[in-house]
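Protein chains: 4
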Amino acid sequence: MLTADRVGSTSISISLPVSTASYTDSSDDETSPRDKQQKNSKGNSDFCIKNIKQADFGRREIEIAEQEMPALMALRKRAQGEKPLAGAKVVGCTHITAQTAVLMETLAALGAQCRWAACNIYSTQNEVAAALAEGGFSVFAWKGESEDDFWWCIDRCVNLEGWQPNMILDDGGDLTHWIYKKYPNMFKKIKGIVEESVTGVHRLYQLSKAGKLCVPAMNVNDSVTKQKFDNLYCCRESILDGLKRTTDVMFGGKQVVVCGYGEVGKGCCAALKAMGSIVYVTEIDPICALQACMDGFRLVKLSEVIRQVDIVITCTGNKNVVVRDYLDRMKNGCIVCNMGHSNTEIDVASLRTPELTWERVRSQVDHVIWPDGKRIVLLAEGRLLNLSCSTVPTFVLSITATTQALALIELYNAPEGRYKQDVYLLPKKMDEYVASLHLPTFDAHLTELTDEQAKYLGLNKNGPFKPNYYR
Amino acid sequence: MLTADRVGSTSISISLPVSTASYTDSSDDETSPRDKQQKNSKGNSDFCIKNIKQADFGRREIEIAEQEMPALMALRKRAQGEKPLAGAKVVGCTHITAQTAVLMETLAALGAQCRWAACNIYSTQNEVAAALAEGGFSVFAWKGESEDDFWWCIDRCVNLEGWQPNMILDDGGDLTHWIYKKYPNMFKKIKGIVEESVTGVHRLYQLSKAGKLCVPAMNVNDSVTKQKFDNLYCCRESILDGLKRTTDVMFGGKQVVVCGYGEVGKGCCAALKAMGSIVYVTEIDPICALQACMDGFRLVKLSEVIRQVDIVITCTGNKNVVVRDYLDRMKNGCIVCNMGHSNTEIDVASLRTPELTWERVRSQVDHVIWPDGKRIVLLAEGRLLNLSCSTVPTFVLSITATTQALALIELYNAPEGRYKQDVYLLPKKMDEYVASLHLPTFDAHLTELTDEQAKYLGLNKNGPFKPNYYR
Amino acid sequence: MLTADRVGSTSISISLPVSTASYTDSSDDETSPRDKQQKNSKGNSDFCIKNIKQADFGRREIEIAEQEMPALMALRKRAQGEKPLAGAKVVGCTHITAQTAVLMETLAALGAQCRWAACNIYSTQNEVAAALAEGGFSVFAWKGESEDDFWWCIDRCVNLEGWQPNMILDDGGDLTHWIYKKYPNMFKKIKGIVEESVTGVHRLYQLSKAGKLCVPAMNVNDSVTKQKFDNLYCCRESILDGLKRTTDVMFGGKQVVVCGYGEVGKGCCAALKAMGSIVYVTEIDPICALQACMDGFRLVKLSEVIRQVDIVITCTGNKNVVVRDYLDRMKNGCIVCNMGHSNTEIDVASLRTPELTWERVRSQVDHVIWPDGKRIVLLAEGRLLNLSCSTVPTFVLSITATTQALALIELYNAPEGRYKQDVYLLPKKMDEYVASLHLPTFDAHLTELTDEQAKYLGLNKNGPFKPNYYR
Amino acid sequence: MLTADRVGSTSISISLPVSTASYTDSSDDETSPRDKQQKNSKGNSDFCIKNIKQADFGRREIEIAEQEMPALMALRKRAQGEKPLAGAKVVGCTHITAQTAVLMETLAALGAQCRWAACNIYSTQNEVAAALAEGGFSVFAWKGESEDDFWWCIDRCVNLEGWQPNMILDDGGDLTHWIYKKYPNMFKKIKGIVEESVTGVHRLYQLSKAGKLCVPAMNVNDSVTKQKFDNLYCCRESILDGLKRTTDVMFGGKQVVVCGYGEVGKGCCAALKAMGSIVYVTEIDPICALQACMDGFRLVKLSEVIRQVDIVITCTGNKNVVVRDYLDRMKNGCIVCNMGHSNTEIDVASLRTPELTWERVRSQVDHVIWPDGKRIVLLAEGRLLNLSCSTVPTFVLSITATTQALALIELYNAPEGRYKQDVYLLPKKMDEYVASLHLPTFDAHLTELTDEQAKYLGLNKNGPFKPNYYR
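Protein chains in written order, with the UniProt record's numbering: chain F, 1 to 471; chain B, 1 to 471; chain L, 1 to 471; chain P, 1 to 471.
Please note that the accuracy of each hint is not assured.
Given that identical chains are not distinguished, each listed pair holds provided it fits within a single copy or across any two copies.
As a list, the in silico SDA-like pairs of lysine to any residue whose alpha-carbon atoms are at most 20 angstroms apart [claimed, not checked]: (1) K209 with G458; (2) K455 with Q206; (3) K301 with Q255; (4) K189 with R329.
Calculated from the structure, these hints are not laboratory results.
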C-alpha cells in the first residue's frame with residue numbers, strides 16, 4: 001500500500017477548499033515559478049513561489065486567520081520570553097494556507113528557523129506563500145505543481161548548503177520519505193518528527209515495526225483533540241455544507257446511507273438526522289455497529305438499501321466500498337460522495353466505461369448517465385467532499401496547529417532518553433493544554449479542583465485529568 | 001406602509017439566489033432589451049428579454065427543474081384531458097426562474113394563455129426567459145431592470161390591443177396595483193387574483209377592508225403547506241447554508257440570538273441547536289415565547305445578550321429590530337443577518353455614517369469597522385439571507401407553484417357566488433391535495449380510512465381531514 | 001357516536017394518574033359515601049365525599065399545587081379587588097384533583113359560588129375533595145363511583161332548592177347533557193358553557209349544527225395554549241415516562257411505529273427519536289404525512305412494519321387502528337399502547353378470545369399470550385397511557401385551568417350580544433394573556449414593541465399579535 | 001480513600017432498583033436467615049437466603065431475564081459442547097438479581113462450580129436467591145443484611161472445607177479484599193480476578209502499583225462496551241426516568257446544571273437538551289469542557305448559575321461537588337440529585353443541621369426546608385439516582401454479564417505467561433465479540449470485509465478492527 005510509487009498520490013488527490021479558490025484562480029501568467037527570478041523587498045531570494053507581488057493580499061488573509069487562532073497567538077505571548085525553539089531548524093511539508101502561515105510565524109517567534117514545502121500540489125494559497133516569502137520564510141510551493149515540481153520543492157527545502165534541519169513537521173509522510181530515501185544521514189541531527197496525517201502516521205508505524213525508524217516521532221493525528229474536533233465536530237458541519245454548495249439538495253425527508261460509523265460517520269449521521277433525513281448506516285466493526293443502533297440508525301448492508309436511497313456517503317477509510325455493481329443499482333438522481341479518506345472509497349474508475357456518459361454540470365459535480373437515462377450525481381470525482389467542496393473552519397485548524405507546535409516544543413526540549421525511536425502520542429497533559437487554550441473563544445469557565453478533591457481523586461490539580469486512552 | 005410610493009420597493013430589495021448567479025453573470029452586451037429587436041424561431045416577437053439565443057441553455061434548466069416538480073407534471077397529466085383552464089387568460093408577475101417556467105408551461109398545458117413580467121428587478125434568469133419566449137410565451141423581463149423598466153414590463157403584459165386578462169397571478173401585489181391604478185375597468189372581466197406574498201396579501205386585505213376589492217382573491221401565502229414548508233423546513237436548512245457560504249463560520253459552541261420565534265425563527269433555532277450552537281430567542285408574542293421556552297431556548301431581551309453573542313439573526317417581519325445602539329454594543333466579529341422580511345429588520349442605514357468604514361470582503365459580505373477596530377460582519381446588507389446567499393430548494397418551490405396552479409383552477413371554475421369580493425384561503429382539501437402530490441417523492445405511503453373509521457370520525461374518506469384552522 | 005347510552009363512558013375509561021394513586025388507595029371503610037352523614041368543622045353538610053377527616057392531607061396537596069400554578073395565584077391577586085365573578089354561580093364537572101381545587105378556590109376568590117361533581121368515576125382524589133368540603137365547597141365526588149353514583153352526584157350539584165347555576169364548567173359534556181335532559185329550563189339563566197374536552201366540544205358543535213345550542217359556549221380545548229402544551233409538549237415527556245414506568249424498556253435502537261402525526265404523535269415521535277429509537281409513522285392526512293417526512297420519519301402503512309417493530313403507539317383519535325389481524329402479526333414481546341383518545345384505538349375486545357391467555361404482570365401491564373407462546377405487552381388495556389401510567393405535569397394543568405377561569409370571566413362579563421348561541425374559541429388576546437402569566441416560571445423576558453414598530457405592523461402594543469388561526 | 005474501615009461502604013450506599021422493590025418488600029417473618037435451617041427440594045442446605053419457598057417466583061423472574069439476555073444464552077449454546085470452564089471454581093460477589101442468575105447459570109453450563117455472595121446489603125432479590133439455591137447454587141445473601149452479615153456471607157462463600165476457588169468474580173473489591181486479608185494463601189491456586197466496578201478496579205491498580213497484586217486481574221469496567229453502553233446510553237435514559245418517577249417534573253424549559261461531562265454527563269445532557277431543558281455544564285478537564293462547548297452547552301462554574309437553575313445533577317466521580325454553600329444559594333424548589341458515583345458528590349451531611357427541617361415526601365424524595373421556607377428537593381439522599389430511582393435495562397446488564405463471562409473464560413484458559421500479575425483490559429477482539437452477540441436484538445446486519453479490503457486495511461477479516469485505545 002505504501003510503496004514508493006504511491007508516494008505523494010494520497011495528498012495529490014486532495015483538492016483546494018472552495019472558499020479560497022477565488023483568491024488563487026486568477027489567471028496569472030503561465031511561466032513556471034521554477035523559471036522565474038523573484039526577490040522580496042529585502043533582497044532575499046531563497047524561495048520559489050508564484051508571485052511575490054501578491055504578498056500584501058496574503059498578509060491580510062493571515063491577519064484574518066490570526067483573529068481566529070487565539071491559542072497560537074497566546075503561545076507566542078507566553079513562550080516568547082524563553083524562546084523554547086531557539087536553535088530549532090524546522091523543515092515542514094504541509095498545506096500552505098493562511099492558517100499554516102500563522103503556525104510558521106509562531107514557530108519563528110518561538111525561536112525556530114523554518115523551510116517549507118507544500119504537501120499537496122493543488123492546495124497552496126499563492127498569495128499566502130508570497131506573504132511568507134516577503135516575511136523572510138523560505139517557501140517552495142505554488143498551486144498547480146506537477147509531480148516533478150512537488151519533489152523538487154521538497155528537495156529545495158532540505159538540500160541547502162550549510163543548513164541542516166533538526167526537526168521535521170510532516171503531513172502525509174512525503175517529506176520524511178524523501179529524507180529517508182535521499183539524505184538518510186540527516187537523521188543523525190534530527191531530534192524528531194511530528195506527523196499530522198493518517199497516512200503519514202501509518203507509514204511511521206510501518207517503519208517502527210520494521211525497526212527502521214531512527215528518531216522519535218509524534219503522532220499528532222491520534223490526539224484526542226484532533227480526532228474529536230477535526231473528525232466528529234468538523235464533519236458534522238461540512239457534510240451539510242459540502243452537499244448544499246454542490247447540489248442545493250433539500251435534506252428533509254431524504255433517505256441517506258452512511259458507510260462507516262467512526263468519528264466522521266458519527267458526525268455526518270448526527271447532522272443529517274437533525275436536518276430531517278432518514279439515515280441508514282453500514283459498519284464492519286460490531287462495537288461501532290452497536291453504537292449506531294443505540295444512536296437510532298438502522299444498521300444495514302449496503303445492498304439492502306442501495307435501490308432506495310437518495311444520497312450515499314462513504315466514511316470508512318477503506319477502498320472499493322461503493323463498487324460499480326452498487327452504482328448500477330442506484331436510483332435516478334442519487335448523489336454519491338466521499339467524506340472518508342483519499343479517493344479510494346468509491347470505485348470511480350469503474351465508471352469510466354464507454355456506455356456511460358459523463359456531464360460536468362458544475363465545478364466538482366458530474367452527472368454520470370446510464371444508457372437508459374439514469375443519472376448519478378458524483379461529487380468531487382470521489383475525492384474528499386469536505387476538502388473539495390466546503391471549507392475547514394479556522395477554529396479546527398487552530399487546534400491542530402497548536403498541537404503541532406506543542407509537539408515540536410516537546411520533542412525538541414525532551415531530555416535525552418524520554419523518547420526512543422518509536423511513535424508516540426502527545427502526552428495527555430499537552431492535549432489538555434491545547435484544549436484549555438481554546439476555551440476562551442467560547443467564554444467557557446473551567447472549574448478548578450480543591451486540594452481536598454484532587455487528593456480524593458489522586459490527581460494533580462493541573463492535570464492530566466484522564467488516562468491516556470480516554471476519548 | 002403600503003402607499004403608492006413604496007410600491008415595488010419590497011420586491012426590489014430581494015436579490016438573486018446564489019446558485020443561479022453563475023448562469024446570468026455572463027457579461028452580455030450592454031444594450032437595453034427595450035432597444036433590441038428579437039424574434040423567436042417561429043417569428044414571434046411579442047416579448048422583451050435579454051437574449052433569445054440563450055433559449056437552449058434555459059430549456060435544459062427547465063428540464064432539470066421538471067424532474068423535481070413531479071406534482072406539476074402529474075397535474076399536467078391528470079388535468080390535461082379536460083383542460084380546466086381553457087379560455088383562461090392569465091397575466092402573471094413573479095420571479096422568473098426555471099421553476100416558474102414549469103408552472104407557466106403547466107398552466108398552458110391546462111389551457112391557459114399567459115403573459116408574464118418579473119416581480120423583482122434582479123431575480124430573472126435570462127436564459128429561462130429566453131426559453132419561454134422561444135416556446136411562445138410573452139415574457140417581459142430581464143436581470144437588472146431599472147425601476148422604469150420594471151413598470152414598463154408590467155404594462156406590456158397587461159396593455160395589449162385585443163387581449164384582456166381574466167386571471168391575475170401576482171407575487172408582491174405590484175401587478176394588481178398597476179391594474180387598479182391604470183386599467184380599473186379590466187376588473188370587470190377578471191375572475192380572480194391569486195397572490196403569493198405576505199406583502200401582496202396584506203395589500204389585498206387592506207383593499208378588502210376599505211371595500212375596494214372588486215374581485216375574489218386567493219391568499220396562497222397562508223396555506224398550510226406554504227407556511228410550514230416554505231418557512232419552517234426551508235429556513236431550517238437555508239440558515240446554515242447562507243451562513244456557511246458567506247462566512248464559513250463554525251456553528252459548534254457559537255452563541256446566537258434569534259429575534260422572533262415564528263415559523264422562520266423556529267426553523268433557524270432548531271437547525272442551530274442541532275449543530276451545537278447556544279441559542280437565545282427574543283419574542284413579543286407570549287405564546288411564541290412560551291413555545292421557545294418549552295423548546296429549550298432562553299427567552300431574553302436583545303439587550304441582555306447583545307454583548308456576548310457571535311451571531312444575530314432577525315426573523316420578525318418587523319422593522320428596526322437591530323438598531324444602531326445594539327450594533328454599537330456587539331462584540332468584534334459578530335455576524336449580523338436577516339432571515340425575516342424585506343430589508344427593514346436591521347437598521348442598516350444607521351451604519352452609513354462617516355466614522356464607520358465599510359469593507360466588502362466577499363460577495364454579500366461587508367465588514368463594518370468601528371473607530372476602535374471592532375468589525376461587524378454584515379450579510380447581504382441586511383436583505384434576506386436565504387434569498388441572497390443560499391438557494392431555495394426546488395421541492396419547496398414545487399409546493400408553492402402547485403398551490404398557485406390549483407388556486408387559479410379553483411377561482412376560474414368556481415360557480416357564480418361561491419367566492420365574493422373578498423380574500424380567501426385555499427380550501428383545506430386543495431391544500432391536502434397539494435401535499436398528497438408531493439408524497440411519492442419520499443416513497444411515503446398514506447393510510448386510508450375504512451368506511452367504519454370515516455363514519456366514526458364524521459369525515460369523508462378523501463378529506464378534508466382537518467378543520468381549516470389546523471396547522 | 002354520541003347517543004345518550006354512551007354518555008359517561010368516554011370519561012369512565014380514563015383511569016387515575018399513577019402518582020396520585022398512593023394517596024387514595026388506602027382501604028377506608030367500605031360504606032358508600034351516599035350512606036354517610038358527614039359535616040365539616042363549621043357544621044356544613046352540603047357535600048358528599050369519601051371522608052372529611054382526610055381534609056388536612058388534601059390541604060397540603062393543594063398547597064403544593066399552588067406553588068406550581070403561579071398564573072392562577074396571580075389571577076387571584078390581580079382580579080381580587082374587582083371580583084369579576086361576583087354573582088356567578090358556577091356548576092362544574094371535572095376531574096377533582098389538587099389542581100382543580102386551586103382553580104375552584106380561585107373562582108371563589110374572584111366572587112363565584114361553586115358546586116362540583118367529578119367527570120370520571122375513578123379520578124377523584126378523595127383527600128382533595130375532603131379539603132374542598134372542609135373549605136365550604138359543595139363537592140359531590142369520590143374515587144370508585146358507580147355509574148348510578150356518577151349521575152346522582154351531578155344531579156346533586158345542579159338540583160338544589162333555591163339555587164340555580166348561571167355558568168357551566170364542563171369536561172366531557174356529561175353535566176351539560178344532564179341539564180339538557182333533565183332541567184332544560186335552567187338554560188334561561190345560564191350565561192354560558194365552558195367546555196374542556198374534545199368529546200364535549202364535539203357534542204357542542206353537534207348541538208350547534210342541529211340548532212339546539214341555547215347559550216354561548218367556549219371551546220377551551222382548541223385554544224392554542226391547550227393544543228400545543230397539553231398535546232405536543234406534554235406527550236413528548238409522558239410517552240417516555242409511561243413506557244418506562246410500565247415496562248422499563250430501553251429506547252435506544254428500538255423500532256417504533258407511531259400511528260398518527262398530529263400534535264400528540266409529533267410529541268411522541270420527537271421524544272423517541274431523541275432517545276435513539278427508529279420511528280415509523282402512519283397517517284391519513286397528506287399534510288401531516290408530509291410533515292412527518294420532513295421531520296425525518298418514514299411514512300408507512302401499518303402492515304408494512306407490523307412484523308418488525310418493538311413498540312406500537314396509537315395517537316389518531318380514531319377507532320380500530322390496531323386490529324386483531326395486526327396483533328396476530330406482531331413479534332414476540334411487542335409493546336402496544338394508546339396515547340390518543342379514549343380506549344377505541346386498539347381493538348382490545350378482539351383479544352378476549354379463548355385461545356389467548358392474559359397474564360397481569362404489573363399494575364397496568366398485561367401479557368397477552370398466543371398459543372405458540374408469543375407474548376404481546378398490552379399497556380393500560382388500551383386506555384390512555386399518559387393518564388393511566390404517567391402523571392400530567394402541574395404546569396400544563398395550570399395553563400388549562402387558567403384558560404378555563406378566563407373563559408368563565410369572559411362569558412360572564414361579555415356585553416349582551418357579543419356572543420350568540422354558538423361555539424366560540426377563546427379570543428386570541430386571552431390565549432396570549434394565559435401564556436404571559438406562565439412566562440415568569442421560566443424567567444423569560446418578553447420584548448415590547450416600540451410605538452413605531454406597532455404602527456408598522458398595524459398591531460396594538462398589547463396584542464393580539466397573531467390572527468386567530470395562527471398555531 | 002480505600003482503607004479497610006471503608007470497605008463495603010461504597011456498595012452499601014447503593015440501594016435497590018425501584019421496579020424490583022415490589023417483589024421483596026413483602027414483610028416476611030423477621031427471623032435472620034443465619035438462624036434458619038433451610039433445604040432445597042433435593043435436600044441440599046449449603047446456602048443461606050431469606051426463604052427457599054420463594055423459588056418458583058424467582059424462577060419466573062429469571063426466565064423473563066433470559067429472554068432479554070440473548071448473548072448469554074447464545075454463549076451457553078456455542079460453548080456448551082466444549083465446556084471452557086470445566087474445572088473452574090468461581091467465587092463471586094455481585095448484586096444478586098435475575099440478571100446475575102442468568103450469568104451464574106451460564107457459567108455453570110460452561111462447566112464452572114459457583115459460590116456467591118452479595119456485594120450490597122440491600123440489592124439482593126430474595127426470590128432470585130431462592131431460585132438459585134433451589135437450583136443447587138451455594139448462595140449466601142439476602143436483602144437487608146447487617147454489615148456483620150455482609151462479611152459473614154462472603155466468608156461462607158470462601159471458607160469451605162475441601163473446596164478452594166480458582167477464579168474470582170468481584171464487584172467492588174470486597175471479596176478480593178477479604179481473601180487478601182484472611183486467606184492470602186488461596187491466591188496460589190487462583191488463576192485470576194475479574195472485577196466490574198470503578199472502585200474495585202481502583203483498588204486493583206493500587207495493589208498493582210504497590211507490587212502486591214499476586215494474580216492477573218481483568219478490568220471489565222473499562223471495556224468499551226461497558227463504558228459507552230452502561231454510562232452514555234443507559235444514563236441518557238435513566239436520568240429522565242429517575243427524575244420523573246421521583247418528582248414528576250416537566251423537563252421543557254427547565255434550567256439544569258450538570259456537573260461533569262464524562263460519559264454519564266454526556267448522556268444526561270443529551271437527554272435533557274432533547275426534552276427542551278436549558279443545560280449548563282461544569283468541568284475540570286479542558287478536553288471534556290471543549291466537547292461540552294461544541295455540543296452546545298454553556299460551560300460555567302457552578303457558582304455562576306446556582307441561583308437560577310431548577311435542577312442540579314452531579315456526574316463527576318468526585319466528592320463535595322455540591323457543598324452547603326451552594327445548597328444555601330439554590331432557589332426554592334430546586335431539585336438536587338447524583339448520577340455519578342457513590343454518595344460523595346453532594347455534601348448531604350452538611351444538611352443535617354438543626355436549622356434545616358427534613359420532610360420525607362415520597363420514597364427516595366426529601367424536602368429539606370430552610371428557616372425562610374425555601375425547600376430543596378433532595379433525591380435518594382444523594383446516592384445514585386439511576387440505581388435508586390430507576391431501573392437498569394436488562395439489555396445493558398446483558399452486555400456487562402457477557403463481558404464478565406468472557407473475561408473468566410479468557411483468564412481461565414490463557415496459556416501460562418500471557419497474563420502477568422497485573423491489571424488488564426479485555427482484549428479488543430472480545431469486546432467486539434460481546435458487541436456482535438448483541439446486534440441481532442436490533443436486527444442489525446454487519447458488513448464483512450472482502451479479502452481485498454482486509455488486505456488494504458491490514459486487518460484480519462474477523463477483527464479486531466480498531467486499536468485498543470479506540471473508544
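- [ ] Compare the structure with the hints numbered earlier in the document and write down the numbers of the violated ones, lowest to highest.
- [x] 4
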